[in-house]
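J.: Those sequence lines, one after another, are chains B and F. Be aware that the first sequence starts at 1, since it is given in the UniProt record's numbering, and climbs by one per residue. Be aware that the second sequence starts at 1, since it is given in the UniProt record's numbering, and climbs by one per residue.
Be aware that one or more of the hints could be misleading.
Copies of one chain are not kept apart here, so a pair can be met inside one copy or by any two copies together.
[Stated by the list, open to error] In the DSBU-like style, the derived pairs of lysine-lysine whose C-alpha atoms are separated by at most 35 Å in a straight line are:
hint: 1; residue 1: Lys313; residue 2: Lys53
hint: 2; residue 1: Lys410; residue 2: Lys474
hint: 3; residue 1: Lys313; residue 2: Lys83
hint: 4; residue 1: Lys83; residue 2: Lys410
hint: 5; residue 1: Lys229; residue 2: Lys313
hint: 6; residue 1: Lys313; residue 2: Lys226
hint: 7; residue 1: Lys229; residue 2: Lys474
hint: 8; residue 1: Lys410; residue 2: Lys226
By construction, these hints were calculated from the structure, which means they are not laboratory data.
In case you want the letters, here they are:
Protein chains: 2
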Amino acid sequence: MLLKTSADGSLRALRTLRQVVLASLCVCISFSAAASPAQEEDSAMENIVTEKKAEESHRQDSADLLIFILLLTLTILTIWLFKHRRFRFLHETGLAMIYGLIVGVILRYVVQVPRDASVVSTSCFVNASPATLLVNVSGKFYEYTLKGEISAGEVNDVKDNEMLRKVTFDPEVFFNILLPPIIFHAGYSLKRRHFFRNMGSILAYAFVGTVISCFIIGLLMYGCVKLMKHLGQLRGDFFFTDCLFFGAIVSATDPVTVLAIFHELQVDVDLYALLFGESVLNDAVAVVLSSSIVAYQPQGDNSHTFEVMAMLKSFGMFLGVFSGSFSLGVATGIVTFNKVLNGDPYVTKFTKLRDFQLLETALFFLMSWSTFLLAEACGFTGVVAVLFCGITQAHYTFNNLSPESQDRTKQLFELLNFLAENFIFSYMGLTLFTFQNHIFNPMFIVGAFLAVFLGRAANIYPLSFLLNLGRRNKIRSNFQHMMMFAGLRGAMTFALSIRDTATYARQMMFSTNLLVVFFTVWVCGGGTTQMLSCQRIRYMSFADGIERRSTKQESAWLFRLWYNFDHNYLKPILTHSGPPLTTTLPPCCHPLARFLTSPQAFENECQLKDDDSDLILTDGDISLTYGDITVSTDATGAHTSGGGGPAADDLDGELAYGDHELVMRGTRLVLPMDDSEPSFTGHLRM
Amino acid sequence: MLLKTSADGSLRALRTLRQVVLASLCVCISFSAAASPAQEEDSAMENIVTEKKAEESHRQDSADLLIFILLLTLTILTIWLFKHRRFRFLHETGLAMIYGLIVGVILRYVVQVPRDASVVSTSCFVNASPATLLVNVSGKFYEYTLKGEISAGEVNDVKDNEMLRKVTFDPEVFFNILLPPIIFHAGYSLKRRHFFRNMGSILAYAFVGTVISCFIIGLLMYGCVKLMKHLGQLRGDFFFTDCLFFGAIVSATDPVTVLAIFHELQVDVDLYALLFGESVLNDAVAVVLSSSIVAYQPQGDNSHTFEVMAMLKSFGMFLGVFSGSFSLGVATGIVTFNKVLNGDPYVTKFTKLRDFQLLETALFFLMSWSTFLLAEACGFTGVVAVLFCGITQAHYTFNNLSPESQDRTKQLFELLNFLAENFIFSYMGLTLFTFQNHIFNPMFIVGAFLAVFLGRAANIYPLSFLLNLGRRNKIRSNFQHMMMFAGLRGAMTFALSIRDTATYARQMMFSTNLLVVFFTVWVCGGGTTQMLSCQRIRYMSFADGIERRSTKQESAWLFRLWYNFDHNYLKPILTHSGPPLTTTLPPCCHPLARFLTSPQAFENECQLKDDDSDLILTDGDISLTYGDITVSTDATGAHTSGGGGPAADDLDGELAYGDHELVMRGTRLVLPMDDSEPSFTGHLRM
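Chain B with its partners taken away, still in its complex shape (with noise of 0.2 Å):
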């Protein structure tokens, strides 16, 4: 209904986790090889021939999983081999990549597999093509489910390499699968006070910026493709949606590379909140605007003339479904988890849930996965949702989480997301070789490696003069040209522009989409500590701190409005901390407010400093390296500066795995926004 990409792709929707399990590398022949000439056993029963080939299966697609299992397996051992190195130009999402290609390229031109006899081309006497096929053989009736169309062209394809196809697979698992642990991750991490403080200006450049670059993109595509016919070089159709199509898929960032550096070498927590808070909510955002230039149908035979009722609608929904999973997400985030989790009295009577973490994390687990079907029941986009579920649970339910379940939850979705990101990113290696339609259209390509530059400049630089004119906290030229250079492209756009490959356009668009995220993620990723030691970020932020020092409490006053509220309404309602109700609402609503607030706030009354520290949660994380400075903190509270080199470096990382204690406490002495935290707080509350 929402999707036009969904043509192809939903019928098979859902239903393809199988295809993680079946499709993968056909490296195994061996196995089949072995298996093979047992076929011919001298056997009267046609049942043994159908039962052995159907062992063979079996045992071929075990072979096949295997072997991706095996790549994954090979990528950590080198991210290992890479982290004991400090080797810090190749991510392991890169080498991901790297490992598939050469897969790919040993599938594609090595190994050779015989015509596939098990493909069978029939004219049946049906007039649709219906979800299931009853196919009577000779008395016997075989079942069989549609797994999509096939344009006429392919059809040899098919026949000819089955095992190319086979390691092709289903664009949904992508979706609803891949995708939902990695933005469900990505939220649960934003955790974070510097995301708040920076709320305005993320929020502005993920939907205001996101939008900018998918318009200017999408025109100079149209440019492009324009310039192209004129020149011949089109072989097919390509709209204007579709060059919009394509600006709004590219438009979603994903440095994770970049920001794994960052973490590592501890870069400025303002710049490393607005990247990554940019590159988390402009998935979002990409998502429902692909969808919504997808709806674009205007009535009549010439579906791709301008209309304004078509876009209006397609406009409609795009507020629709995006506040409609927003809401969705941040409800069952609230509703289910404090309600439940919380275990408040007058709610479920049972205090105790906390007590037996397995069924607490095993709750945790299956209500975000509900929040993501939910929202897909309901039609609207369940990666979203998901992703608010998570921002909602990090700020609101981890409290009431116990302790431990708020360790095992971070570390089961950390593992999900790491397998999940390297999965995708060894099958984008892969699929550059096997898949079987590219389209490499050299004037396209460049074109769009263009367009994706100038968009993000378009995002990034008039955005950020606009916003510093309303911040007192600039954000400066040297973060701006690191925002720049940080636009990686990943997960999102290869999920979304795989996700349907049926015409022409879409096809050059998915071989062009490939280049691009090969391209960002190598060069921009492996360049990022020569960007940041150029762009003098490493330098500059320590000795920055203490200036914004004294400006900070007047710059966010967003922030504020939104820390007062949160922190005297929202939290006392929904979670065990926060002030009592009674003592911020006004007197006439005291009933009210001590039937909301929960005993338990009360009691922790005396203890309110402490739950602030949530908002300070990951800076525990925060090591004491500041590009070749290091600091480090003596009884006394002095500060030890030595020189760069390598030599440093060596030590960081010493000090960062030894004692993580010292380098915690080194860091609130060095950053300056954090030992002002407490006079901050007390600011609010008078």
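Based on the hints, put chain F in the right spot on chain B.
T.: Below, chain F without anything else, positioned relative to chain B:
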């Protein structure tokens, strides 16, 4: 190749994860009802209709799965309520079954679905049944994949009630997706000293006992079937091999319910170890046994005569598959993990994987999964391989993991086990009403219950008698009665019998097995507490320990033999613990010994005592409740016992949740086996 069962099943084999997602409860008619009218929208383009259909189907799938997840959530919440109320008569699995039953009844009798138009029967001009079918529908090609053969009688069912068929999902899901985590977790939990102390008895019960039980049940059922034929109650074929197959699959015990209560009440540890060890290992035996029985195929036309060669072949297959799976599991467990995770310098050169817990956990997870796949790809049984991989890892690899990863992996597999188990049991409840080919034959059912009872008796009592001849620490009659009583059937029986329901015999078996599982889980599981007090096991186990203390050292010669070998040779080679090989090998082998021993082992030499603590790892779980007797320990080590009753129960609970440390120390003093451990170790080292 190996399994006849896999004739229909394996073709769909691993490809079936999708069914987890696809098939489920179709209760959410509201969603489809809301979406249906939209179909009639006046749109000229056929595409849009297809799109809408696809979208609708996707939403329907999401809604279906959502209901299943909500069912699990409901189960969790109810379990929590039960735990809170200390309600022990119904275990979570029994509860999941009840919820499943309720939903099954609703689906079957309440929800009415219109006859599905999406199933079309056709006769095509194909000779065979290819895996992929390309159907040409008025110029467009659609790809269909083979789902399986359908018997002529079922054809109308398929058309009549697509919804119920959707809910009845691919049986291979259980075998390839849900069972592995359960089995692995069982193996991974087998890390108990008492398991190794009773190894001889456990192996006897699991191997000899299961085979005895299988043949006794097979013979009895054959008699029953003959009688039924005589009385004209049999409407189809039922051969002796079918009876044996029934014996094999119904011999796999699953006393998870009983063990949970044992764990909670702290029933005698030896009894616990005997029951748990037997149930874990007899699953493996039953799987391989049943596949060997299916593989029994005499040559010639009549495939159900007795033939020595075919029987020997089956027997050889049993040995081959079992030992193959066993070695593969153990090998993967030992080699990959210990060499990699251990970071033995002569293998990997990098010693710091322990520093990256995420990588370590991911590697652990992937390698466990690859064991399963490797076994399946080689034609062995993945479940069995995974079991022994789990046992090996618990024994050796666990010690090499970093403490964080020990927690992480334990929690991860605990969660997977919990979810998979409850899913299977709730599906079991569901399938009683939604499965369309049930054959409930009262005579067969009565016969089966009797046979199962007698088969269990023929396993436990004679074997216990024989074992008692060799054991110093006798298995007393009340223990034997308890083991007899605890012969519950569960997930494995279900998974094996749902795997193939093509023939009349198999359908009758499946229906009967469901009833056996229901009965044993509810009646035997629910009556565990009564049975325990009736057999006076709770009181005796406490008095018992003191008596046994003196006989302990002589009792387990097999254990001692194994322990010596393991401690002196295997551990030093495979882990960092144990004495350096240079001290245990003769002087001539010293160069080799020095090469094989890791440097850490030399460093650890002084703390050898600590290394043995892995054998008593799970003793920490033991709280100090002995039925109605509460035992606490004061500072002087004197025991205080309080009378029974609910008040004492409450106190136990408080103690168990409150001060775990105290409880553990308490146990050490209470359980006579624990405080004698140092002297025992010393004895061995002499």
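J.: Each hint should be assessed against the structure and marked as holding or not.
T.: Hints, verified against the model:
{"no.": "1", "hint": "Lys313 - Lys53", "in the structure": "between (52 Å within a copy, 21 Å between copies)"}
{"no.": "2", "hint": "Lys410 - Lys474", "in the structure": "within (33 Å within a copy, 47 Å between copies)"}
{"no.": "3", "hint": "Lys313 - Lys83", "in the structure": "neither (50 Å within a copy, 52 Å between copies)"}
{"no.": "4", "hint": "Lys83 - Lys410", "in the structure": "both (22 Å within a copy, 25 Å between copies)"}
{"no.": "5", "hint": "Lys229 - Lys313", "in the structure": "within (30 Å within a copy, 70 Å between copies)"}
{"no.": "6", "hint": "Lys313 - Lys226", "in the structure": "within (27 Å within a copy, 71 Å between copies)"}
{"no.": "7", "hint": "Lys229 - Lys474", "in the structure": "neither (45 Å within a copy, 90 Å between copies)"}
{"no.": "8", "hint": "Lys410 - Lys226", "in the structure": "neither (49 Å within a copy, 59 Å between copies)"}
This entry does not satisfy hints 3, 7, 8, going by the numbered hints stated previously.
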